[in-house]
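Since the structure of chain X is provided, determine the placement of chain Y on it from the hints.
Chains as they are written, first to last, in the working numbering: chain X, 594 to 928; chain Y, 201 to 582.
Calculated directly from the structure, the hints in this document are not laboratory data.
Going by beta-carbon spacing under 8 Å, a handful of chain Y positions derived as facing chain X:
(1) T227
(2) T245
(3) M375
(4) A389
(5) L396
(6) L414
(7) P425
(8) V426
(9) N514
(10) Q569
As the structure is a computational prediction, the values presented were derived from the model and not from experiment. Where is the CB? At the ideal position from N, CA and C, for every residue including glycine.
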Amino acid sequence: MLQQISLAAFTIALAIGLSVLFFYGCNILLDRLMSSDSLTDDMARQRQDNRRESIRPWIFVGPAVLILLVYLVYPVFASLWYSLLDRNADNFVGLSNYIWAFGNRTFQIAIRNNIMWLIIVPTMSTAFGLLIAYMTDRLWWGQVARTLVFLPMAISFVGASVIWKFVYDFRGVGEEQIGLLNALVVALGGEPQAWIAIPFWNNLLLMVILIWIQTGFAMVILGAAIRGVPEDTIEASIMEGANNYQIFFKIVIPQIFGTIVVVWTTITILVLKVFDIVFAMTNGQWNSNVLANFMYDQLFRAGDIGRGSAVAIVIMLAVTPVMIYNIRRARQEHQ
Amino acid sequence: MTTNKSKLPIGTIAKHATVLLLVILWTLPTLGLLVSSVRDKDQLTVSGWWTALSASDRNEVYRTPQGAAQQEIDGVFVIESSMIADGSRRIVNAWGLGPRNIDEFQAGETAILEDGSRMTVTQDARMRWESDEPFTHTRGIRVFYMAEVPPTFTLQNYAEVLSSEGIGRAFINTMTVTLPATFIPILIAAFAAYALAWMNFPGRLWILAGIVGLLVVPLQISLIPVLRMYTNLAGTFGWEAKSYAGVWLAHTGFGLPLAVYLLRNYMAGLPKEVMESARMDGASHFDVFRTIVLPLSIPALASFAIFQFLWVWNDLLVALVFLGQGEGKTVMTAQLIELLGSRGDNWEILTSGAFITMIVPLVVFISMQRYFVRGLLAGSVK
Chain X
594 MLQQISLAAF TIALAIGLSV LFFYGCNILL DRLMSSDSLT DDMARQRQDN RRESIRPWIF
654 VGPAVLILLV YLVYPVFASL WYSLLDRNAD NFVGLSNYIW AFGNRTFQIA IRNNIMWLII
714 VPTMSTAFGL LIAYMTDRLW WGQVARTLVF LPMAISFVGA SVIWKFVYDF RGVGEEQIGL
774 LNALVVALGG EPQAWIAIPF WNNLLLMVIL IWIQTGFAMV ILGAAIRGVP EDTIEASIME
834 GANNYQIFFK IVIPQIFGTI VVVWTTITIL VLKVFDIVFA MTNGQWNSNV LANFMYDQLF
894 RAGDIGRGSA VAIVIMLAVT PVMIYNIRRA RQEHQ
Chain Y
201 MTTNKSKLPI GTIAKHATVL LLVILWTLPT LGLLVSSVRD KDQLTVSGWW TALSASDRNE
261 VYRTPQGAAQ QEIDGVFVIE SSMIADGSRR IVNAWGLGPR NIDEFQAGET AILEDGSRMT
321 VTQDARMRWE SDEPFTHTRG IRVFYMAEVP PTFTLQNYAE VLSSEGIGRA FINTMTVTLP
381 ATFIPILIAA FAAYALAWMN FPGRLWILAG IVGLLVVPLQ ISLIPVLRMY TNLAGTFGWE
441 AKSYAGVWLA HTGFGLPLAV YLLRNYMAGL PKEVMESARM DGASHFDVFR TIVLPLSIPA
501 LASFAIFQFL WVWNDLLVAL VFLGQGEGKT VMTAQLIELL GSRGDNWEIL TSGAFITMIV
561 PLVVFISMQR YFVRGLLAGS VK
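In isolation and in its complexed conformation, chain X is listed as follows (with noise of 0.2 Å):
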């Protein structure tokens, strides 16, 4: 044992160190080969000071753009290519795998489930979240109230499921049952279910890990969205007998919309991307699969390169009209 956390400790100190090196060798080592001090004339010497200076943005920005080129972009089209290849990656199959896929039954599962995924959890957390961070805005406990909502965000999605399943856990009829879920179901005078094996349904208990966590996001960023209403457009609607609700509907709900939208987007970007859930619960069982997990089912089960790659694809184009939108704004704002 000991010798593992010394082993680690080596590992972790030597990766760390070695990066912070690289940085400061290089800045370094550009100062001195390129140095001006050795030059008396004041033109030769702005010039090489130049030229040492539009050398440095490089260094600067050089392993990011190397990174993510290596690790992003040249996987963007690597995968596309492999998506039109065989299984071994080996031959041309040109859209054959695509076809093969649309065709599967499993894989039209998963898609229905990530459209209800989709519909479902990025809603459901929003409102959620909206609802609790209006509901807490002026309590006196209302930041023990957001700081518990918010805590799940911290808990992995293994750890998430472990703690659902525990809650959706099954024992035999007239068992007495250890699973919150079952047990309320018992005291109401119902039958225990195996509920993860029902299928349809079976989804939306999977989708309710993702909306416990995801709330705490929601509510944290509408929340602080709230805080910046003008006070007076409150009291103005006050002073003119506006309720509660019509408070909430018409004077607040308005004015955070643009957050609101913001908050649904990034939550589904994540939705199109969840696969720990699905892969701790069921792993697609019982009609529960979804894109990201049969993705990863075609690549390191069934060993298929070109199917999991189409898959991957299919991922990605779904995200594509977000990133668009994105780049358009970020290009606007610095032009």
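Structure of chain Y alone, referenced to chain X:
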């Protein structure tokens, strides 16, 4: 105004009640996990965790000692012993001498046996058996009793999961993955962010737009190409295909867009005059970055550090693909998945294992919540 006043209390109570309900709904699942992880594993499987604080009823059997254990006190032969061997506590409510009539006698009552001997069982589970004749039996008789077992809490589950279920080793592995995979992207992103905010060079705007676009690229797209690249490199140079260095760089790649984006926005907002005057005095960009910008950017660095730390610590997919399971490099999330498969019904293992994976993120999160929230706000409201 008066109507408003009479309405107010009901509205306020409803508001408090709704918030309370929601908070309970959000907290209860985690509480269940936490409580279950410190319960005795035999109690855990037969009763819900919400009953953990109440005593459970149990029917138990005790066999009395042999006749040789007797003592003679004032002409009376006595066998006396405690029915609980392991020192745990029981409250006996009723007892009997057969399995069918377990509730024949109350605690403290004295039963007259067939041979005229007298047996008393008290509430604290002590048995006293008296006889005027010496005891000669070589096999004790059985006493059946109904007992309340007070709740017992134990750290035994944690000890077990840490040592024999591989979570202890996985904890070190997760640490080895997480710390460099948090530090390296911050370092690289800080330099890049400074260049993008304060240096002039061709292609700056293009790089910026590219980074914004890469913010939403799903990492699924990178798995196959990067894995193939690693395998090819490993084949060519004789490296290991699944290495910590590979995971660090992969996490760096996936974390960089957000890191650069957050840090650039922050650094671009720093006061221009400070930097310009330093440049006038002959400081190079490297000096300005190191001595002025970096210290000023600590809040933003902290925000991103928490993000990346939580993300890497909690990640499953990247570790699964680039580090794999087994080979001594399994991280905690992957180990937990392993346990879900192999020990799916052993909730004492799963709950304590899950809590160990959660403890570090929870501590980081609670102690640095302020920075985390600031980072969230900067990252999404733009």
